[in-house]
Amino acid sequence: MSEPTAAIEPIASVQPKKIRWLKNKKLDQYLVFWVVPVFFQVFGLVFVPLTWMMPPMSPDKPLADIVTFMQTSPLELALSLYILVSGLGAVVTVGAYWLVLARMAVSPAIKYAFLAGQVIGSVVGALLPVSLFGLAGFRSGYDPETLAMFYDFAYLAYNGSLGCFCLPWLALSLAIILDKNRILPKWLGYYTAWQYVTELFAASVWLTTAQPFGWNGYLAFYFNMLLYVPWQIIIFFQIYKALKNQPEDELDNVRLERSLPSYQAVPAYS
Amino acid sequence: MWPPLSPQMTPEDVAAFYREHHSAMLGVVVICNILGTVLVPIFATIAVQMMRIVNSSKVFAVTYIAAIAMGATAFIIADYCWGVALFRPDRNPQLISLLNDLGWIFFIAPVGPLIAMNLCLAGAIYLDARPDPVFPRWVAHFNVVTAVLSVPAAFAITTKTGPLAWDGSLSFTLRLTTLAVYVGVMFIVLLGVISRQGDEAVEMPA
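Chains as they are written, first to last, in our numbering: chain A, 1 to 270; chain B, 1 to 206.
Keep in mind that the hints were calculated from the coordinates and are not lab data. Ideal placement from N, C-alpha and C gives every residue a C-beta, glycine not left out. Treat the hints with care, since some could be wrong.
[Said to hold, decoys possible] Quick list of the computed label-pair ranges, beta carbon to beta carbon: (1) B/Leu-176 - A/Pro-55: 32 to 40 Å; (2) B/Val-38 - A/Ser-262: 40 to 48 Å; (3) A/Leu-226 - B/Pro-3: 48 to 56 Å; (4) B/Ser-195 - A/Arg-182: 41 to 49 Å; (5) B/Val-40 - A/Tyr-222: 38 to 46 Å; (6) A/Pro-185 - B/Gln-197: 34 to 42 Å; (7) B/Ser-195 - A/Leu-260: 36 to 44 Å; (8) B/Val-40 - A/Phe-40: 25 to 33 Å; (9) B/Glu-200 - A/Trp-187: 42 to 50 Å; (10) A/Gln-211 - B/Val-40: 43 to 51 Å.
Input sequences plus hints: build the corresponding full structure.
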């Protein structure tokens, strides 16, 4: 096939790169998707090098160490950073998955169950523990026993939020497996079912502080991470792939544009 | 509740304040418990109108709905903290003070969901492909400005004095004024949007 001549070169290709990016028909979806890496950068930064909340500290830490940890001042600044981006959590935990869920041929009940579970999980599993850590560091002079109680409360809410994540992982897993449109590969649905299982493994954090079942336990935490981290990376890559491969005629804005009287079909080679 | 309790008050002062204003504060807490979600319908109406905006998908509107739920829950948790403190005003002042701190932290700091809502709405409006857009374009700029003005409040847990403190000019006055103005302006905007609904020249193809 011969190359199009310069005279009929598509307009898009002569536009500066920046503008072409802005003209992308799926820009809304890409914007939501790219919040994911941004959010996880901040999330990782806050929970690991800034606060050392993760990997989780021992549930059997001596009282004096708990007080020292919870009253360090950089903790407050880091937690503020999280509170600031916590709304992006809604974009990541709901919006990013919705990019594929919306296109799946399954009952809306499954999709809305996913949405509800993720919202509840974001509040009790992230915003609540962060605020409790923030509270403990806010004022000095509180009784160490009370601070230790908030240390437990925050870690248990963070690592032990079970059912509110069972719900979305089950819903997502079912959606992927039952989806007639095959937006995501079926094997990923079975892998997602294992995220449900990790929540069951984590149940033991409420029962004991001892290894391997405590909130920093090899089974209750590290084994789960082994299952969770690769899954999280894989599913976001798969979502990106699905988004990239979404045919143009599925896009609302393209369909509207084509229905307008002023619309003229662009030659096929553009 | 107004003016806000200073974060510099000692636990004893806080406990004394709670005992002194017990009935009035309890009344406010119960009313807030009942009316805590009273702003949700206006945000839900915005979400419904966002569903009419034509982007490539409805992802901004769905994310907006998720963020509404997160924001409303944070407010209810704040209300419960004050309520629990008032439930037994003779409790150890340290515990009253802790609940008071937590209540204020949950009331002032969690601006994240609201910022996400503002940015989702702004994004949806900027990318609206309709020849006659659902929302006027200035509403998008207005939402971006609202998001920016809400940012300082997130840092209310870092300090007990100055403009960033929960009773400060940025975290308290600016944040709540911004919210009040925002709700007022969006109310009027929605009236216009709803009255125009149905008169569109172009209908979305099924």
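Item checked: Hints that the structure is at odds with (numbers, increasing) -> The structure breaks only hint 7.
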